[in-house]
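Whenever a hint applies, use it, and build me the whole structure from the sequences.
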Amino acid sequence: MAQDFHAAPGPLSIGPEAYRLLFDANPNPMLLFEIGSWRILAANPAASLLYGWSTDELAGRTIVDLKPAEDRDRFRQVAAQVPPGVTRLGRTTHVARDGRSLHVDITTAALTLDDGRPARLSVITDVTGEHALLEARDRLAAVVAGSSDAIIVTDLRGRVQSWNPGAEGVFGYTQEEMLGRSIGEIHPPADGPSFRERAADVVAGRVIRMFDAVGRHKAGHDITLSMTLSPICDAAGKVVGISGIERDVTERRASEQTLRESQARFVRVFQSVLIIAAVLDVKAQTLRDVNDSWLRFFGMKRHEIVGATVHDYPEMWLDLAQRSALFASWEARAPLQAVEVGFQTRTGPKHALLSVLYADEAGEDIVLMLDITERRRLEAQLSEARRLEAIGRLAGGVAHDFNNMLSVVGGYADLLEEQMPKDSPWAADLGEIKRAADRAAHLTRQLLAFGRRQMLQPRTIDLNDVVRRNETFLGRVLGDGITLRLILCSEPLWVEADTVQIEQVLLNLATNARDAIDGAGVLQIATKPRMLARGWAQERGLASGRVAEIAVRDTGRGMGADTLQRIFEPFFTTKEVGEGTGLGLATVYGIVKQSGGHIDAASTPGQGTLFRILLPLVDEADGAPEAAAEEKLEGGSETILVVEDEESLRTMLGDILRMNNYQVLEAGDGEEALLVYQKRGEPIQLLLTDVVMPRMNGRALAERLTQTEPGLKVLFISGYPNDSALRQSLSGEGAPFLQKPFNPQTLTDKVRALLDA
Numbered sequence: 004m005a006q007d008f009h010a011a012p013g014p015l016s017i018g019p020e021a022y023r024l025l026f027d028a029n030p031n032p033m034l035l036f037e038i039g040s041w042r043i044l045a046a047n048p049a050a051s052l053l054y055g056w057s058t059d060e061l062a063g064r065t066i067v068d069l070k071p072a073e074d075r076d077r078f079r080q081v082a083a084q085v086p087p088g089v090t091r092l093g094r095t096t097h098v099a100r101d102g103r104s105l106h107v108d109i110t111t112a113a114l115t116l117d118d119g120r121p122a123r124l125s126v127i128t129d130v131t132g133e134h135a136l137l138e139a140r141d142r143l144a145a146v147v148a149g150s151s152d153a154i155i156v157t158d159l160r161g162r163v164q165s166w167n168p169g170a171e172g173v174f175g176y177t178q179e180e181m182l183g184r185s186i187g188e189i190h191p192p193a194d195g196p197s198f199r200e201r202a203a204d205v206v207a208g209r210v211i212r213m214f215d216a217v218g219r220h221k222a223g224h225d226i227t228l229s230m231t232l233s234p235i236c237d238a239a240g241k242v243v244g245i246s247g248i249e250r251d252v253t254e255r256r257a258s259e260q261t262l263r264e265s266q267a268r269f270v271r272v273f274q275s276v277l278i279i280a281a282v283l284d285v286k287a288q289t290l291r292d293v294n295d296s297w298l299r300f301f302g303m304k305r306h307e308i309v310g311a312t313v314h315d316y317p318e319m320w321l322d323l324a325q326r327s328a329l330f331a332s333w334e335a336r337a338p339l340q341a342v343e344v345g346f347q348t349r350t351g352p353k354h355a356l357l358s359v360l361y362a363d364e365a366g367e368d369i370v371l372m373l374d375i376t377e378r379r380r381l382e383a384q385l386s387e388a389r390r391l392e393a394i395g396r397l398a399g400g401v402a403h404d405f406n407n408m409l410s411v412v413g414g415y416a417d418l419l420e421e422q423m424p425k426d427s428p429w430a431a432d433l434g435e436i437k438r439a440a441d442r443a444a445h446l447t448r449q450l451l452a453f454g455r456r457q458m459l460q461p462r463t464i465d466l467n468d469v470v471r472r473n474e475t476f477l478g479r480v481l482g483d484g485i486t487l488r489l490i491l492c493s494e495p496l497w498v499e500a501d502t503v504q505i506e507q508v509l510l511n512l513a514t515n516a517r518d519a520i521d522g523a524g525v526l527q528i529a530t531k532p533r534m535l536a537r538g539w540a541q542e543r544g545l546a547s548g549r550v551a552e553i554a555v556r557d558t559g560r561g562m563g564a565d566t567l568q569r570i571f572e573p574f575f576t577t578k579e580v581g582e583g584t585g586l587g588l589a590t591v592y593g594i595v596k597q598s599g600g601h602i603d604a605a606s607t608p609g610q611g612t613l614f615r616i617l618l619p620l621v622d623e624a625d626g627a628p629e630a631a632a633e634e635k636l637e638g639g640s641e642t643i644l645v646v647e648d649e650e651s652l653r654t655m656l657g658d659i660l661r662m663n664n665y666q667v668l669e670a671g672d673g674e675e676a677l678l679v680y681q682k683r684g685e686p687i688q689l690l691l692t693d694v695v696m697p698r699m700n701g702r703a704l705a706e707r708l709t710q711t712e713p714g715l716k717v718l719f720i721s722g723y724p725n726d727s728a729l730r731q732s733l734s735g736e737g738a739p740f741l742q743k744p745f746n747p748q749t750l751t752d753k754v755r756a757l758l759d760a
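Residue numbers (the numbering used here): 4 to 760.
Rather than coming from a laboratory, the hints here were simulated on the basis of the structure. It should be emphasised that the depicted structure is a prediction, and the values quoted were computed from it without experimental measurement. Treat the hints with care, as some may be off.
[Unchecked claim] Distance windows between CB atoms, simulated:
(1) 489 - 289: 57 to 63 Å
(2) 549 - 321: 35 to 41 Å
(3) 352 - 270: 27 to 33 Å
(4) 531 - 260: 57 to 63 Å
(5) 214 - 289: 55 to 61 Å
(6) 305 - 255: 30 to 36 Å
(7) 441 - 475: 22 to 28 Å
(8) 544 - 289: 43 to 49 Å
(9) 377 - 252: 28 to 34 Å
Backbone N, C-alpha and C fix where the C-beta goes; we use that ideal spot for every residue, glycine too.
Rendered as structure tokens:
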């Protein structure tokens, strides 16, 4: 039944003013609007406060204007069908003046205005806050339901109150299985004291975030969980439960453990490998880390280099131009593979092959280096040895040809001297010829010594004894003002060497020291046994084991590195023109090398020079007695086959032997000698042959002829035997040998002695 806005039925009569007062004072928003036009006729202050328009502004609008645009058509349809009387329309959405959505609950009553028009009075309840809470609850429920993490709520007794689908996935239990059950089902006390302790902290009101705990799956296996526990409080702030978010991190933790183990292995390998390695931060251009090999290579401490930029320590680069080029290539990300780089480290200059493994722009580069310092030193040593060997071959070849010529000159000079009257006016000139030939012969012997082409007569000798026996002689060589100091070890140092050649070594070193000392000084000769390591010995061409060392140290001027590098070269000298041949140290080098030893030198300008000679030690043996001086022997009538490829020398040898009544056959090489022998058809008593000849050498010829005549005597002659195996064979067997040049008397005495043996 429609109600009049101005009067109400019943015993109590209320006037229009009272209705208006009730309308305006009502705390709930109220709107009076006309049905059909939906125009708002009146609005109370509460409605103005809710919607943001004044009461007059609201009175000028329609109820449709309060609806969202998308709901207005449907509102018109539904509003026309609202039944008369008091009707609760329920919840709907209105729009405030500022555009906010308002969630409202509406109860409406039909009225008839004084003029008979139908109207409605709506009482509006603002439920926007409640709606937001409901939406938040729904969203939270959706998050909980959709989370893959286990989200579990328990009461203070540990009974499960809430169990989301994620918990079912993590633990294998359904919600129906776990609601009301103890949390101990999935967190057994024996497996997780840390969980119980932390749960007690949560009951005290603290939030415990992101800790690992052990859980038990329905299938019986343990799982690793990352957990966050939070207290649940009632309106009074009292803790009434515990909320737990638990994530299965079993695989992640296993992967992390694998990664840690891998990183640990990498660190062990990184620090222990011999490869020099560093980790370089690309963006910061700093060294993030270096391994122990890097620290050893540069002689630095870790705190000095880690964190330093690539531009620090420019002084460690031997070549600044190369440094700039390398940095430019690195910044351009150009390939850097096996680039040889020189560094000035705290332990001296070193060389390395450098490579860079590039990462992405935000990553780290790996710098790898291989220390090739020792390799380069060995290569330089090998190059020097090859250079000296080449010079030695050249010197030996020159000496060989020179010896042939000197043999002819000296031989004929001796023959002329024997036949020339003592008072001949040419005697003095002939003497000069002989002296010049002798000086030239001495030079060739030095060349042969350097080139290791001379024939040695090795014996087991005590180095200490050789030094002692030459003390007086060496003192005279040094002269006044230079003190000779001997420091000889107490035990004998037995070596296999040629005594005369070792004496020559001492003489040359003493002469070198004398020339290097200005005024007063000291020459010290010290001996001692040493033990050589295998690697060190092999690098220097020696066998490992015990050796004898002779250290010759002077207090002379010393020399720089450039001079020191060349001191063993033949004809290299720092003396004035005419004061030295440049063969003294070259001779020392050759004798030591041919004796199976090693020599090196160290010197600093102004601090003298040290020569160190190493010779292999041998067991003591009974030394063979020195050969007695041979007396001059007469000639004979035996037949001698002379084989020499140098025609003039062959002719001279034949003349000397014929002058001593020998029968002489001549041949230019080994094959010709065989033909001469076969043509003769009779035995010969002596083969006098050069060692080095074309087509067939002297040793091969001797072997062929002695097979036919086992008693045939053989005398070898040579300027130098250029085959090392042949030299060793002749020397080792003690085969009769004459070193060119030699004089006629030496030749005839040697021949006679062999024939009479």
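Here is how each hint holds up against the structure:
1. At roughly 60 Å, the beta-carbon separation of residue 489 and residue 289 lies within the given 57 to 63 Å, and the hint holds.
2. The hinted window of 35 to 41 Å between residue 549 and residue 321 holds, with their beta carbons roughly 39 Å apart.
3. Taken as a hint, the range 27 to 33 Å holds for the pair residue 352 and residue 270, whose Cβ atoms sit roughly 31 Å apart.
4. Taking the beta carbon of each, residue 531 and residue 260 are about 60 Å apart, inside 57 to 63 Å as hinted.
5. In this structure, residue 214 and residue 289 break the distance hint of 55 to 61 Å, their C-beta atoms being roughly 35 Å apart.
6. For residue 305 paired with residue 255, a C-beta distance near 33 Å keeps the hint of 30 to 36 Å intact.
7. One distance hint, 22 to 28 Å for the beta-carbon pair residue 441 and residue 475, holds here, with the actual separation near 25 Å.
8. Range check, residue 544 to residue 289: about 47 Å between beta-carbon atoms, so the 43 to 49 Å window is met.
9. A hinted range of 28 to 34 Å is violated for the C-beta pair residue 377 and residue 252, which are about 51 Å apart.
Of the numbered hints given earlier, the model fails hints 5, 9; all others are met.
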